[in-house]
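Listed below are the residues making up each chain.
2 protein chains.
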Amino acid sequence: MALRAVEHSQEAANGLKEKVLTLDSMNPCVRRVEYAVRGPIVQRALELEQELRQGVKKPFTEVIRANIGDAQAMGQIPITFPRQVLALCVHPDLLNSPDFPDDAKRRAERILQACGGHSLGAYSISAGVQMIREDVARYIERRDGGIPSDPNNIFLSTGASDAIVTVLKLLVTGEGRTRTGVLIPTPQYPLYSAALAEFNAVQVDYYLDEERAWALDVAELRRALRQARDHCRPRALCVINPGNPTGQVQTRACIEDVIRFAFEERLFLLADEVYQDNVYAEGSQFHSFKKVLTEMGPPYAARQELASFHSISKGFMGECGFRGGYVEVVNMDAAVKQQMQKLRSVRLCPPTPGQVLLDVAVSPPAPSDPSFARFQAERRAVLAELAAKAKLTEQVFNEAPGIRCNPVQGAMYSFPRMELPPRAVQRAQELGLAPDMFFCLRLLEETGICVVPGSGFGQREGTYHFRMTILPPMEKLRPLLEKLSQFHAKFTREYS
Amino acid sequence: MALRAVEHSQEAANGLKEKVLTLDSMNPCVRRVEYAVRGPIVQRALELEQELRQGVKKPFTEVIRANIGDAQAMGQIPITFPRQVLALCVHPDLLNSPDFPDDAKRRAERILQACGGHSLGAYSISAGVQMIREDVARYIERRDGGIPSDPNNIFLSTGASDAIVTVLKLLVTGEGRTRTGVLIPTPQYPLYSAALAEFNAVQVDYYLDEERAWALDVAELRRALRQARDHCRPRALCVINPGNPTGQVQTRACIEDVIRFAFEERLFLLADEVYQDNVYAEGSQFHSFKKVLTEMGPPYAARQELASFHSISKGFMGECGFRGGYVEVVNMDAAVKQQMQKLRSVRLCPPTPGQVLLDVAVSPPAPSDPSFARFQAERRAVLAELAAKAKLTEQVFNEAPGIRCNPVQGAMYSFPRMELPPRAVQRAQELGLAPDMFFCLRLLEETGICVVPGSGFGQREGTYHFRMTILPPMEKLRPLLEKLSQFHAKFTREYS
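Just so you know, the protein sequences line up as chains D and X, in that order. Per UniProt numbering, the very first residue in the first sequence carries number 1; after that it's consecutive. Per UniProt numbering, the very first residue in the second sequence carries number 1; after that it's consecutive.
The reader is advised that the hints may include incorrect statements.
Copies of the same chain look alike in the list, so a pair counts if it works inside one copy or between any two.
Within a straight-line C-alpha distance of at most 25 Å, the following computed PhoX-like cross-link-like pairs (lysine-lysine) qualify [stated by the list, open to error]:
(1) Lys19 / Lys57
(2) Lys105 / Lys483
(3) Lys342 / Lys169
(4) Lys19 / Lys291
(5) Lys391 / Lys476
(6) Lys291 / Lys337
(7) Lys169 / Lys476
No lab work stands behind these hints: they were computed from the structure.
Let the sequences and hints guide you as you build the complete structure.
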């Protein structure tokens, strides 16, 4: 900032005009946006990687990016069948190649038939290729035990983020005390806080109960809502299940409570269910909001508004880079749905390769197909390894003094709580840093391990956490967890 | 609306609550968004296609969608080399296949090396794969005769639309009479009006001069700016060159005038240059704003803020479905650029397949590469056919009485002006339709030809136009143009 001031005065001295677009004159809502998952700590990790490449000596030989749920960057091998289908769609000359199984070819031909000009290079309709929307609807029906799903309620998207932002955007209105409030969990995935800041909506925090494995408690929802009504108009409730960053899987009873609460309080429900395939803990099971809502019958089934999000970036595929996902809207007003369609059309269409991978994700090879066995084996191997890593993470962290980790029932992250000595907290404050940010920066500098401080997701005042993915390869994960625990012990000694 | 009223009263009678999210309670800015290119006329085209499939008799056998610049949907064959590279990246087993040329394999290996986990399935950094940003920078340097381009000023995007919306978003601030105003051409590509409506910014129209082949006149910019300053704070000027929907290619002198104007009036420049490879007319040449700006020297070169957009959806590739593009920012304040980086990071990254195709678009095979000859031949064939179609379109329309078409110097559209008889105008008004919308709907119903009325792009009061792409295959284009002209004659007779 000092440097900027000098520049400004020099410019003034030279008679030059200030820039049109400056920090002071830009969109203030954008300035307020924060996104810790790719924030300053990741910037620093990138710099460290560059220094390592340039031969600068460090106390570590590689940076481990455990900050983001990016499975393939951590070495997960792509599932073969979806990649085969996509390669065939991208370069249809391969349909004559003997190197591809018949079912991959049939699938690619079926998809290309449904594309404009029989090519992925054409725009699809804005909601996505109609046939793929139909396949998604059938997937949802199978998942939910036969409860009908209407393809016209499915909008394909550029990753789930895109769809989440679209639905939030529809909800945002009002000014001052009539501004739209949206209830989001604390801790949360910071896409939510970022989008609400960008739209100048009011973020209403409800706290998950760390003592009960990050359970969602309706009494806490009620408290948050009551307080929020003093200064905004709460209109929506976001739930992330399985939880990000917290890894809990909600019980059916809890989901029923949430639905009753949303209905009584007239809140539009956003169910972030992108980790629906990532459930590991024994006794845990994924229940979709759509299914529970429907089975609850009247008045909920036909009235409660819901948007449920899914993605190809997570699950067993981990195809983050392709940016595929969808939202299913339930009980949405028909005219609003038209408005949503219109809004989506301005951006033309979601990327077609992501649509293709989504199609395979929702309609995998059938038992009679030649690719069935391989696909199932690969899928199972990925999910089994994730389950083992979830267990290992919880176990190693809970052996470390001063660290306590709830079970990682689902998703891809641990969110352990750590004790930080008062002198460390004080030092952080002197540096103008959140105490857990201070810890994570020191961890990165000394070990090369990149994790995100809990302050980037929200946490109860005076508690400190970090989010670490469970994605590093098995042979690296245990040493990593131990190194992190040891660093915490050393850090604690240093500031005691 | 009548139906909705009945539903409401029934619900009230049943004691049911209204939905949380309705037309009345939703985001009013989203309601104001309009996007004609995929508007009601395209909805109707989709319905007609479905009716045809169901065997309903129509006066035509197929719907021709000349509403959107979607080359491959109209039968353009994808260029081989980029598709080969992408297929190899998607399914690296193919790197062992003898069916791919060596340069495609080398290129795919180089790209995969630059990706996280050497896979397209990993997120890239938010601004795009660093190596591809560097390739884009080198492309810009070649294009602009060696003027330097910094890869750190390049942000890859999900099509150009995504980048355009991001830059506009940064600029939007204020309320009431301090709201940000953005100058956009009339006629314009409706992404601009849609984004400004969504952001609650003020759309400031400047008119292109139809009498001078849609030239941009600084006197008109000045008029628009002066009037706008009464009710908003104009901060940015958008220019589309080559023009969409108007097809003009700006002269270097005109671009210099625009830059001087923007500098004097302190306007951030947005240069939509997605059709930079689509220049057909003899004597027309594309000049990038970046090049002109830099060659103008001080004070412009080092001060004038500019964002220039490009895309893989247009040009010779026409790879719309993959959603690839980029923006280069020039003279942007460093702190604002950081804010832009942060904002982009919330959406994680642009789709990697679009990044791969962009890489090939900006660094095609070199003369020594095995794929050079084929690539060049395919590229030239596409551009030569587009040039022939541009000429044919202008010619056939100008032979039709009551239709007048400026030369299609570039881009992919004609935007002819047509006379409509007063009785047709009156009939349209009775139906609550814009007169050219009425014409285009009748055209669609009777001939299956889908074009977009000029009212969706903006036009001078009392003039009527339509936008038609030049993309239908050559053998269909002439009959199509004649059919449209004949329909116009018939329509004119009918209402005279």
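*Intra- versus inter-copy proximity for lysine 476 and lysine 169 (alpha-carbon distance at most 25 Å)*: For lysine 169 and lysine 476, neither the intra-copy (41 Å) nor the inter-copy (42 Å) Cα distance is at most 25 Å.
_25 Å Cα threshold - placement of lysine 483 relative to lysine 105_ = Neither. Shortest intra-copy (47 Å) and inter-copy (40 Å) distances fail the 25 Å Cα cut-off.
_Up to 25 Å CA-CA - lysine 337 versus lysine 291, copy category_ = The answer is within: 21 Å in one copy meets 25 Å, while 44 Å across copies does not.
*Between the shortest in-copy and the shortest cross-copy C-alpha distance, which are at most 25 Å for lysine 19 and lysine 57: within, between, both, or neither?*
Result: close neither inside a copy nor across copies, 40 Å intra and 61 Å inter.
*Intra/inter-copy verdict for lysine 19 and lysine 291 if alpha-carbon distance must be at most 25 Å*: This pair counts as between: shortest inter-copy Cα distance 20 Å, intra-copy 54 Å.
*asked:* At most 25 Å between CA atoms: does that hold for lysine 391 and lysine 476 within a copy, between copies, both, or neither?
replied: For lysine 391 and lysine 476, only the intra-copy Cα distance (15 Å) is at most 25 Å; the inter-copy one is 63 Å.
*State whether the alpha carbon distance between lysine 342 and lysine 169 is at most 25 Å within one copy, between copies, both, or neither.*
both (13 Å within a copy, 19 Å between copies)
Comparing the model with each earlier hint shows violations of hints 1, 2, 7; every other hint is respected.
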